[in-house]
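For chain U, the structure is supplied; the task is to place chain C on it using the hints.
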Amino acid sequence: MNSLRIIHYIGASSDKKASLNKPFKTVLFGFAFSPTLKTNVLETSRIAHFFGAKLLLLHVGEKTEEKERQIHEILSYVEHKDLEISIEWKVGSPDEVLVNACQNSGIDLLILGALQHENLYQFYVGSIARKLTRNVCCSVLLLIRPSEERVPCKHVVVNGLEDEDTPFAISNAFYVSHALGAKQLTIVEEIRQREVAVSIEDDKSLKKATIAKERLKNREDSRIRKVLKSIPEEFFKNLKIKTQSIFGERGYSIGHYAEVVRADLLVMNAPKKSGILDRIFPHDIEYILSDLPTDLLIVRKKN
Amino acid sequence: MTPKTNHTNQFIKDLPKNFFSGFVVSLIALPLGLGLAIASDAPPISGIIAAIVGGTVVALLGGSNVTITGPGNGLVIVLLGAITTLGAGDLYQGYLFTLAAIVISGILMLLLGFLKMGRLADFFPASAIEGMLAAIGWGIFAKQFHIMIGHNNEHGSIVKLLVQIPNGLLDLFQHATTEELVASGIGFLSLLIMIFYSKIRNPYFQLIPAPMWILILSIGFSYSFGWLNLPFPMDSSYLINIPENVLSNLAFPDFSKILQKEFIVSVFAITLIASIESLLSIKAVDKLDSQSRRSNVNKDLKALGLATSLSGLVGGLNVVTVIARSSVNVNNGATNRSANFFHASFLVIFILLFQDQLKRIPLAALAAILVYTGYKLATPKTFRKIAKIGKEQIVIFLTTLIVTLFTNLITGITVGILATLVIHMFINKSAFLFLTNIFKPNVLLFQEHEEKSYYISVKYFCSFLNFYKLKNKLDAVPEDQNVIVDFSMCSFVDHTVMEGLENYLDTFAKKGGSIELIGLDKHSTDSKHPFAIRKILPMETLRPIEKYFTRRQTNLRDTAAEYGWSYQAKKSTKTYFLSNFIFFKSREIGYLYNRLFDEKENCNVFDVEFTEGAFVAKEVVKTTVMHIALPKQLPIFSLDREGLLERIYKLAGFKDIPIENYPDFNRRFFLSGEKTVEIQNLFHNELIIFLESNPYYHIESNGHSLFILKKERLLSVQEIKAMIYFGQQLQKLLKYSLQD
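From first to last, the protein sequence lines stand for chains U and C. Residues in the first sequence are numbered consecutively from 1019, following the numbering used here. Residues in the second sequence are numbered consecutively from 36, following the numbering used here.
Next comes chain U alone, as it looks inside the complex (with noise of 0.2 Å):
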């Protein structure tokens, strides 16, 4: 019983002891020789200490010496110095490079700086960190706001949509919020307009849909503990669970939501398919990437 919550809780991994458990073993951060670059690099370095991860560094463009020498003054500044770190220099279209450096090095997480607001002409043509978050095959965090200086990660956000890749996020949410000492977790479940099937005209109308959607939120939450059982149970220990039904537009009220409460990270799953109909009308993660709230963190189950 035991072993089969763990893989169910990681998927692949083959470890027993719940605690060493860690979705994310390598950490690939494609840098950019940018003014942020120094906040950039202590944040990621930070993420990975905390998830115990190996950290690849990959910038894509010629590697020369100036670079080399402004990069490595950066590393000497990285609090904790056991972190494995490693760099590497390729040439090519950086979203490309990227995505078969996740396939080829096995990353398990992509981390990308991300601006917070796109403007009118990145949202149409897509700015790299979109393209990638579509593209590739493992999970990505986005951080919106990187800072040398540790700025504790206190409440994470997490989607409960009925999906069979929500547990998976679930747990991984789990997983972040122990691994970065957050104080609490909120699962959000986001019910539908149509999925309380009543459409509302009149007082009658409104009693019934008001019915509809309580017994909704209680399948929801009882759905929600349903996999709540899966999750090992230290990973409760200090953290406070909530699960909030919210009524909006699916994928991006979670994001409104996680800006009400102010959370610090948001979770979610990674996005089915994206054509482009999908890009004019855009849904689900779409606006959220449009308009991020917070760090955000897709998570992909790995083929």
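Everything labelled a hint here was simulated from the structure, so no lab data went into it. Heads up, some of the hints might be wrong.
Stated by the list, open to error - Okay, the calculated bits of chain C under chain U, using three or more residues with CB under 8 Å as the criterion:
{"no.": "1", "region": "236-250"}
{"no.": "2", "region": "413-427"}
To be verified - So the derived label-pair ranges between C-beta atoms look like this:
{"no.": "3", "chain 1": "C", "residue 1": "N276", "chain 2": "U", "residue 2": "K1226", "range": "37 to 43 Å"}
{"no.": "4", "chain 1": "C", "residue 1": "N615", "chain 2": "U", "residue 2": "E1086", "range": "35 to 41 Å"}
{"no.": "5", "chain 1": "C", "residue 1": "Q753", "chain 2": "U", "residue 2": "N1256", "range": "29 to 35 Å"}
{"no.": "6", "chain 1": "C", "residue 1": "Y731", "chain 2": "U", "residue 2": "P1170", "range": "45 to 51 Å"}
{"no.": "7", "chain 1": "C", "residue 1": "L773", "chain 2": "U", "residue 2": "N1256", "range": "30 to 36 Å"}
{"no.": "8", "chain 1": "C", "residue 1": "H484", "chain 2": "U", "residue 2": "K1226", "range": "23 to 29 Å"}
{"no.": "9", "chain 1": "C", "residue 1": "F149", "chain 2": "U", "residue 2": "D1183", "range": "46 to 52 Å"}
{"no.": "10", "chain 1": "U", "residue 1": "E1232", "chain 2": "C", "residue 2": "G368", "range": "50 to 56 Å"}
{"no.": "11", "chain 1": "U", "residue 1": "N1256", "chain 2": "C", "residue 2": "S772", "range": "29 to 35 Å"}
{"no.": "12", "chain 1": "U", "residue 1": "R1210", "chain 2": "C", "residue 2": "S465", "range": "28 to 34 Å"}
{"no.": "13", "chain 1": "C", "residue 1": "M460", "chain 2": "U", "residue 2": "K1226", "range": "16 to 22 Å"}
{"no.": "14", "chain 1": "U", "residue 1": "K1226", "chain 2": "C", "residue 2": "F46", "range": "50 to 56 Å"}
A virtual CB, placed ideally from N, CA and C, is assigned to each residue, including glycine.
Just chain C now, with coordinates in the frame of chain U:
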């Protein structure tokens, strides 16, 4: 007893009341129906047919409760336009073509109902609609004024007719015929009755509505000539024209122009105006309903569509929901749709029994009723009301009004909408805000765990463009619940939204719930009007915020008065008394505002703005807190829900302090501080029971005062009251334990 028979019993019990109000309404509906039809250049009987068909069909199939349906004011201008253009000179032929347009517009309304387009009216800015209604009012006024003074043959555009009014009056004094003089005499007298009717407070006189008085008096006037054996001084062209036998003289629509552009435009205009007028009226009548029921607008729209088509097929005008007759209906005690049915039945009786009498009604008398109605739609008061809300609203209003007067209703309302959009973009100096966010779902609704109150957060902007999203969410909340609408993430809120929310506020208050708007305190406005546009200004810190009170601030002031406390809206940067609380160790306090304070007990409740983090990670947070100064020293402690803010207190050297014999308390609360024993002594039985049995608050002591925090957001006035109560009780208990 099943609920079903219960309903039936109630229905039968209420029948006499509805019978009576239906009768009273029919007394107004008769003159108005005749008048509105004449004003549209249609045969007078067509208005009555619309009321009869409408009253019957909508009473049977409608989704509203106390509305009255029949020919409407708003349609007059559109129908008049349709009859004139489609008839190309021949009014009767134009009327037959228009009947076809009415039939088709009825089908379109039916479709709108099936498509659940009851939301349609939500997409029009409030001031543009006001402008359109004023234009309709002027249109009716301009045409009917001439008929009222006996000039039956004035034609032309609204503006032309308005300009001719002084000439018409002059003409009347200089070379009027006897007939014109008699007609204008009746007209002015009727107008005086309309104006002074409400001033005469005689219960017997008030039994009969003013329009009916006008009919009775003018018919009596006509009969008096017969009794005196004198010739009646007006020929049939000054009297209304009703066919000998109504049933055998019905007109039928002529569909031969159905594919022409003018016809299609007319259908479109009729459908649009009829739907908007009906939807607005239904909403307005719901507010009057003594049982505060919510109408099913889509069902009503379907019924109205069907009624319109049927009415058109037998020669009647459009059927719309009409506000004036509906309010008379409510005032006379109507409780259900049967009143509408009775109103229709009485009209049938009037038409069949009093044909001879009806034929004696002078046109001038009916015109006077319409002149008054038209004037009511565009009184100087309307202008003042809108001007008060803000400069931009009067611009939108006048633009719509003037464009409608010079062109037509459709162009007018379109220009009004565009003007509103441009003004909004201009005010925000950004088209970007609207363009990028218009399709984004900007409203989030969830039910908060502890209090079970609903919380709605609105992002980006909220204007007539996307108000329906907020409305959808508000509609889904039962009206006996408490709702908090937070606009702090929303940078622009327009007049249509503020006015719309006011309606919700009323409905919720009526049914025992409440809506509170928060997060608007930092939005600037152009006027003090509660419905004024609100937007966040980049320079807002320079402005004194107490200048433009939000509703919340007004309520806070009232609350202060209620408690005998003082209230200060002004921003104050004297926040040093907060800085030695651990909570604020890592947070930088900007300023406090909206301060409620009790000098005697040294209690303070205020909103405070602070920042967390710095530089890129900086976040501005506004929250409501309570501060209580205590007379004696007490140990420094913090009481928190298990673990939430634990980290910073650990950093401050605090440790967890268990209270003996209270495992439940220890499990639920995280009490920490340095001086274990003193703190344990402070938390006596009563205090612990008090804390366990009350909602959770974060409490902190800095040695001589207390700091209480509920949530990291602004609180609604209700929540503030609860917090004050909690704080006062806590203060009492602590004083008690400090004395020991």
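Against the structure, the hints come out as follows:
1. Figure legend: the region 236-250 of chain C, annotated as covered by chain U; annotation inconsistent (0 residues with Cβ-Cβ distances under 8 Å, at least 3 required).
2. Taking a C-beta to C-beta cut-off of 8 Å, the region 413-427 of chain C contributes 0 residues in contact with chain U, too few for the three needed, and the coverage statement is violated.
3. Judged by the Cβ atoms, the range 37 to 43 Å given for N276 of chain C and K1226 of chain U is violated: they are separated by roughly 52 Å.
4. Here the CB-CB span from N615 of chain C to E1086 of chain U is close to 49 Å, at odds with the stated 35 to 41 Å.
5. A hinted range of 29 to 35 Å holds for the C-beta pair Q753 of chain C and N1256 of chain U, which are about 34 Å apart.
6. Judged by the Cβ atoms, the range 45 to 51 Å given for Y731 of chain C and P1170 of chain U is violated: they are separated by roughly 22 Å.
7. Taking the beta carbon of each, L773 of chain C and N1256 of chain U are about 33 Å apart, inside 30 to 36 Å as hinted.
8. For the pair H484 of chain C and K1226 of chain U, the beta carbons lie near 24 Å from each other, so the given range of 23 to 29 Å is met.
9. Taking 46 to 52 Å as the suggested C-beta distance range, the pair F149 of chain C and D1183 of chain U does not conform, at roughly 38 Å.
10. About 37 Å separates the C-beta atoms of E1232 of chain U and G368 of chain C, a value inconsistent with the hinted range of 50 to 56 Å.
11. Between N1256 of chain U and S772 of chain C the CB atoms are about 31 Å apart, so this pair conforms to the stated range of 29 to 35 Å.
12. Against the hinted window of 28 to 34 Å, the Cβ-Cβ separation of R1210 of chain U and S465 of chain C comes to about 31 Å, which satisfies the hint.
13. At roughly 41 Å, the beta carbons of M460 of chain C and K1226 of chain U sit outside the given window of 16 to 22 Å.
14. One distance hint, 50 to 56 Å for the beta-carbon pair K1226 of chain U and F46 of chain C, is violated here, with the actual separation near 22 Å.
Hints 1, 2, 3, 4, 6, 9, 10, 13, 14 from the earlier list are contradicted by this structure; the remaining hints agree with it.
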